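Residue numbers (the working numbering), protein chains in the order written: chain A, 10 to 535; chain B, 22 to 358.
Calculated from the structure, these hints are not laboratory results. These numbers come from a predicted model, not from an experiment. Just so you know, not all the hints are guaranteed correct.
No farther apart than 30 Å at their CA atoms in a straight line, the calculated lysine-lysine pairs in the DSBU-like style are these [stated by the list, open to error]:
(1) K321(B) <-> K358(A)
(2) K96(B) <-> K393(A)
(3) K303(B) <-> K358(A)
(4) K242(B) <-> K162(B)
(5) K423(A) <-> K303(B)
Given next are the chains, with one letter for each unit.
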Amino acid sequence: MIITINISQEMRDLLLAMNLGHSTSHPLAGWYVLTMLYQDGTTSTEPMTANRLVQLYNQSFREPEIGETMMPPATMNSLLKLLTEQARLINVSNRKVRERWVSGKLRNKETTVYRISSRGIEYVKMMQRVIEAENTVVANTARIGEYCQLVVKLSQRLLDTSTTSLYNNFDRMLVTYDDVMKGMRKLDVDLHDLAMDLAFNHGSEAAQHLRQMLNETAIPAYQQMLQQAARIQALADNSEFAVAVARSRQGNGNIDTAQAIQDTSAMTTQRQQTQQYVRRQLQRLAGSFDPSTSGVQNSFDSIFLVFQTLLDAIQLLSREMEQYQRQSVDLGALTHQLDDLMSRYQRLKIPVALPQHLPMDRHQQDVLIEIEDQELTAEERTAKLDQLAETERQDLLTAGAMPPINRQIEDNVKMAVTEADNPPEAVDDAYVDETKAALSELVNLVMQDEHTLVVDHDLTFQTVSARDALVAMLPATYYATPTGFNVFGREVSTITRLNGSHAIQLSVVWEKFHVMLPFGFQAILV
Amino acid sequence: MATLYQTERTIINELIDSGVFSSTITSETKRGQKLAVYALQKPATQQRINVTFKTMFGEAPQNFQENLLFLSGAKSLTAVEIHVLLATCKAVINAPELQGVTADRVIACVSLVTTVNSEVTEIDERKVRKLITKLFVDRFKLFTVDRPVESEEETASEVEEYWDVVPDFTNFVECLVGWLRADRTKQDPTDIQRVNRHLLQHRYLDAKQSPELWVILAQNKIVIESQWRDIQRFYLECGDQYALLLDDFRKPSESRQFYAAIRVAQSLGSGLPIAKYHHRIKTVWQQLYPDATFNLSLVKKSIIDAALATEVNGYMVATPLAKRYVIPTKKEDQEWS
């Protein structure tokens, strides 16, 4: 079978840029292989082995006009390997193939047979759409209505999972959503172009229409989409929904082979995959409605960004419109008039600037201060001030009878600061060295012998240092080895709590408070 | 006259201050200004403003697409200044940086000055630049000085200065051209309008200098006062020999130059020959402020700004406004407070 496929120059450029297959002497080979497999992969009488592919390629797809040579099988093998393993656009399977040999016999041989995978199918289709995008991406807000309807349908409580309609609806919703987003992006780009045009080419009618369309169709459509945000979020959070969709996919109307033969393991796998797929997609959709900053930044299609671009476009257009209306000044004519005036400038008269008038210094300051001092409400105050202004105006009309303004010159007295301005110094408490007294008191009160120190009853001290020394020893009871704790220079070698002791109160005679130790202790000093 | 709204007063004040009211709204426009711009788009507002101006001054402001221009002054700009004004307008409206909506609207000072200088050949570039600054930056406030942020390099680099042009510049030029081409010979201001114009342009009315207007003012004091009252900014003070417009937006000056100026004016008597003027100022200053540094030009400027003395036939004569003040020193008793 001879296959002839013509690809357009645009497609050629795109494919060459992508270089599917990494083959320098046969740059479009990868694409042609995919096309071949797509077109007649499973329906042809001959299985698609590597040899068959080489044959077909050299027959129909090679382009000798640009100097492409015959492809050797080795190249095809490496190409197929790339497509299979790296790009995964082709599936490989081993099959027994019946071949005719030179001796005339038909023998079975095991070879690898290639089939196009679903990714490959999508790839081939997608490339076509990329080329045709100018026509297919339509800024079509009617689909938003469809999308909203679908969301509502999917958000119903009772979902019918017996047929595939739920799954189809879900799929359709994703498709409409994608289409709407693509349309909005395209609109954004188009609007920028149009805005540039407007600046130079006063296409005011086009601007009118576009602006009308934006205000009447696009913005309300967006509001509709935003209203669905809550439902989408609910769907994304609902774990049951994914399960329902997965089940629905395998409901009535499904023509998948695994279902037909009731291959339960394959069906289970498919169900799992579908669930994950549904969850992923819903996350993606929910993400685009996420209003937090991180959500907007991380989402591919955040609706808020798209809305923002629309809003910017509207503002730009509005400004363009106003500017255009204002731009009715014909600069050429104006320049002409200026030239005309400049030719007789010596006879023209333009007034100088108005001078600054004298400041108002006839306010009745005492009355003003009086009004401010009285505690009045805002209205009363305004009324009084108005009244004052009225009297002032009337009086000023007979200013001849008014006394002249008294401007007192005030001397600038330099402030000299002397020592007498210093604040009084505070008197400090006298410092008394009470270490000796504290030491002897401690010895008397708590030292049982030269090395043992026992605190087991309430104590009253005369010196603060002695009390503080005992309090400082308390934390030592919480450590296994109390190194570092010392009492007036004598290190503590061991310290033990006294079990069964109640809280001990330590107070200094003249202080109004006392310190409570939670328990008593016994220490051996070095 | 109908009571004016705050937005209308904003517009009128702006016209009095700079002569131009522009309808540009940017992201930095203040709220009061925005409201005024929106209000101006209503025909009722425009009508009220026009009526106010026509009643008071006999001339409505020039309007082009909601941009207003009001030109009124005691005397005319010099021929050179007019030439520079027109040449700059022509250069700016045709500048490529201002074409199109997304244009930057920034013009390099040097290139603009060169362009204008090629048209106005009688003065040099520095003078041209000074005049452009005086007219467009200070008076009409259509240009703002701007420059790109300097990098922190140590090497010497040329500082490029630019002027930011207001988006409504072409409308301003339209207004100006319209005003210049308008036929004003048929204007015949009424008496009251002449008084108002005088007060607006000269700030005060001296009975001796303009006796005719003084008579009119004296007879129509109440009416004139009620007209100025609507703007709610000016107070009309009518003394025995003078009438004065006081601006409530300004604060009274308290500088040493001002006090010295008052003293100087009050000491001028019936007239002081110009030759002795500077010496007199110096003496008064030293009397008042023996310790402070003396700056002659500042004191002279204060005298002119406060309209305390004018030159008449080679003599410096005090205006009646000088009598409005009294400056008691510590030593004198406050006899007439």
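To see whether the hints hold, each was checked on the structure:
1. K321(B) <-> K358(A): holds (29 Å)
2. K96(B) <-> K393(A): violated (41 Å)
3. K303(B) <-> K358(A): violated (39 Å)
4. K242(B) <-> K162(B): violated (34 Å)
5. K423(A) <-> K303(B): holds (24 Å)
In this structure, the earlier hints numbered 2, 3, 4 are contradicted, and the remaining ones agree with it.
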